[in-house]
Each structure stands twice: as C-alpha cells, then as structure tokens.
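Listed below are the residues making up each chain.
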Amino acid sequence: MNALGGRGAKLTRILTVWAALAIALVVPIAAAAASPLLAWRDPVYIAAGFAGIAALGLQLVQPLLAGGYLPGFSAYRGRRLHRWIGAVLVLAVVIHVAGLWLTSPPDVVDALQFASPTPFSNWGVIAMWAVFAVALLALLRRRLRISPRVWRIGHLTLALVIVLGSIVHAVLIEGTMETLSKVALCALVLVGTAKVVADLWGRAKRSASP
Amino acid sequence: MTDVRLDRRRLIAVGGCALASGMAGLVLPVRATGLAPTPSMAGGANNYRPGAPIVERIGGGGFWMTGTVRRAGDGAPLAGQRIQIWAHTTEGYESDQRSHGATLTDANGVFRLEMPQIVPAFGQPHGHLAYDGGTYRTVFLRPVMPSSKDKRLEAHFVLEPV
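For the record, the sequence lines run as chains A and B. If you read the first sequence in my numbering, its first letter stands for residue 5, the second for the next number, and so on. If you read the second sequence in my numbering, its first letter stands for residue 564, the second for the next number, and so on.
Don't read these hints as lab results, they were simulated from the structure. Certain hints may be false.
The calculated SDA-like cross-link candidates involving lysine to any residue, where the alpha carbons are at most 20 Å apart (straight line), are [to be verified]:
id	chain 1	residue 1	chain 2	residue 2
1	A	Lys209	A	Leu140
2	A	Lys14	A	Gly76
3	B	Lys714	A	Gly179
4	A	Lys199	A	Val187
5	A	Lys199	A	Gly158
6	B	Lys712	A	Arg45
7	A	Lys199	A	Phe77
8	B	Lys712	A	Pro40
9	B	Lys714	A	Asp114
10	A	Lys199	A	Ser78
11	B	Lys712	A	Ala43
12	B	Lys712	A	Trp44
13	B	Lys712	A	Trp22
14	B	Lys712	A	Ser78
15	B	Lys712	B	Leu641
16	B	Lys714	B	Thr631
17	B	Lys714	B	Glu619
18	A	Lys209	A	Gly158
19	B	Lys712	A	Leu176
20	B	Lys714	B	Leu641
21	B	Lys712	A	Lys14
22	B	Lys714	A	Ala43
23	B	Lys712	A	Leu41
24	B	Lys712	B	Glu619
25	B	Lys712	A	Leu184
26	B	Lys712	A	Lys199
27	B	Lys714	B	Arg675
28	B	Lys714	A	Pro40
29	B	Lys712	A	Gly76
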C-alpha cells in the first residue's frame, strides 16, 4: 500500500513535469497559430516564423535535458536526446533564415551584414552564429580532443549567447507570437538556462577543488 | 635657439588663427543655409522597384501615407515631386508590384497617397518611401509605425540638389 502510494506519487510528479513542459511549448505555438497576421503571409513566411518559435521552444528543452531535470530519463538518454535536439535546433534556425530570405532577400542580406535598421536582427544573427558554433564544437569535440573543462566553458558560454541573443531577438519583434506567451516562454528559457549553468558551474568547482 | 622657439610659437599662433578663421568660414554658410538634407534610412531601399507608376491609390486603400518635400537650406516647399511608396500591406508584399505606387507633391510640397493597411513584416510595421526624381539627391526612407493599428503614417523629405 505504502509502496504503491509512493509509486503513484512518483508517477504524478513525472506526469506533472512533462505536462508543464508540454504546456510551456504548445501554448506559445497555439497562440501564434491564432495570429491575425497569418492571413497576410504566404506559406514560406509562415514556416520561417514557426521555425523561429520552435527554435526558441527547443531552447527550453535543452537545459532541462542537460541538467537532468526531466524525470523518467537516465542521464545517458538525456544527453543523447540533448544532442539530437541540438541538431533539430540547427535545422530550425536554417529553415527560419532560409524562409525569411525567400520572403525578402534584401532584409536578410542586411541582417547578415549587421546593416539592418532593426536592432533585433543583430541579436538574432549573433544567436544564429552561436548555434552553428556550438554544433560545430560538438561535432569536433572528439577529433580536437577538447578537454572536459574547455568543453564545459565553451559550450556554456555559447549556450548563454544563444539564449540571451534569442530572447532579446524574440522580445523586440512585433510578429505572429502573442506577447504574454512569448514573454513567459522567454522567461522559462532564461530560468532553465540559468539553473543548469549554476549547477554545472558548481559541479565544476567542486570537482576542481581537492 | 630662443629665436627658433619664438618663431615656432608665432607659427602656431598664426596657424591657429588661420585655422580658426578658416573653420568659421566653413561653418558660417552652413548656419546661414539652415535646413539640413534628409539622409536615407538603413534598409529604406529594400524591395524598391524603379519607375513605379503614378497612381490614384494603391489597391483598396484605407490607410494614408502623407508627408512633405522641401528644399535643403531655405526649406522652400517643392511642388510636382514624385514620391514612390511601398510596404507590406493586407494586400501584398513589399516586393509585389501591386504594393508599389507613386504620387506627386502639390503646390505646398505636400503629398498624400491612400494605400492598404500596413501590417508588421520582418519584425515591425513600417513603410518605404523614395524620392528618385533625379533633380535632387535620391533619398530612401523607412519610417516605423508607432502602432500597427495606426491608419496613417508620415514621412518628410528635405532634398539636396545633385
């Protein structure tokens, strides 16, 4: 009875965490899907926009997996999924930029050259390069024999650049995302990233001290 | 040795005076001319189509783009100047031909052109305007709307002769 109750409580906790994550990801996407602006955008532009929203959402999943905060996942499986989602994140960013380029080439060329009249473009482009850099670093980690310490500093620094760049980029944009759900998602991404960075930093310090 | 120093000092003094009067000579006419020309805005020329025709109205209308065109220096209103206007609206993209149209300024240098409602595109609701008449230096503007619900947008040109 007691054991059964304990298992039930554990299951409830697992379901609660996953349901909360699902809500955090689905609500901003659903709100954007209801945007009146979609009526005046063609499929390529819409796909580009949603790829951007997906990229922001995946940035909430990444720190949760890296920190092992998602119940029901072993640390090993969590890291494997973290790697796969990293690849999907790169793809989402590529679709986002390519779709915008098809919609208005001069606006994207301006942004890539940091000559855009809109400051949020610069933040987005910085985050994009950081996403590519973090993926490249992950691919070359073995080949370059990067030490765990250097790896951790590099990976966390780039992750912070990605998260901060994406958040400023998203918040400054007047687009299909609904304001409240956008700010809430950005806040969650920030908190999740800050938590995992603090934890990993603490772990690194503890392992460094004798 | 002292003489040389004195000479150097004199040289600096005289040179400084010459420089100062020269600067004053440069600054004074600018002050007299007054109104400075409008510089082109970053991204203003994006999706520009040269030679857009003069139209009564772009598409179905409902939104007003207004502004003035004046001459740099004395600020005299310029009549009969062609201003091209385009934007991402409820009827089409910035790059679509139907989203472009031009209008002429009246005797007071004022232009107004009705066009479809501008909607946010690439992160903010904005219009594009160009003076490309050739008599004056070409200027591209990209004003941003304070609110995407606004029904009008203003932009002003101060043009400098080529």
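Restraint status (C-alpha distance of Lys199 of chain A to Ser78 of chain A at most 20 Å): Holds, because 19 Å separates the two Cα atoms, which is no more than 20 Å.
Lys714 of chain B paired with Gly179 of chain A [C-alpha distance capped at 20 Å]: Distance of about 18 Å is within 20 Å: holds.
Lys712 of chain B paired with Pro40 of chain A [C-alpha distance capped at 20 Å]: Satisfied, since the Cα-Cα distance of roughly 12 Å is no more than 20 Å.
Pair hint outcome, Lys714 of chain B versus Asp114 of chain A [Cα-Cα no greater than 20 Å]: violated, 28 Å
20 Å limit on alpha-carbon distance, applied to hinted pair Lys14 of chain A and Gly76 of chain A: holds, 10 Å
Distance restraint between Lys714 of chain B and Ala43 of chain A, which requires alpha-carbon spacing of 20 Å or less: With Cα atoms ~19 Å apart, Lys714 of chain B and Ala43 of chain A stay inside 20 Å; holds.
Distance restraint between Lys714 of chain B and Glu619 of chain B, which requires alpha-carbon spacing of 20 Å or less: holds, 18 Å
Hinted pair Lys712 of chain B and Leu176 of chain A, Cα distance within 20 Å: Distance ~17 Å between Lys712 of chain B and Leu176 of chain A Cα, so the pair holds.
Restraint status (C-alpha distance of Lys712 of chain B to Leu41 of chain A at most 20 Å): holds, 12 Å
Restraint check for Lys199 of chain A with Val187 of chain A, where alpha carbons must lie at most 20 Å apart: holds, 18 Å
20 Å limit on alpha-carbon distance, applied to hinted pair Lys714 of chain B and Pro40 of chain A: Holds, at roughly 17 Å.
20 Å Cα cutoff - pair Lys712 of chain B, Arg45 of chain A: With Cα atoms ~17 Å apart, Lys712 of chain B and Arg45 of chain A stay inside 20 Å; holds.
The structure shown violates the earlier hints numbered 1, 9, 13, 14, 15, 20, 21, 24, 26 and 29.
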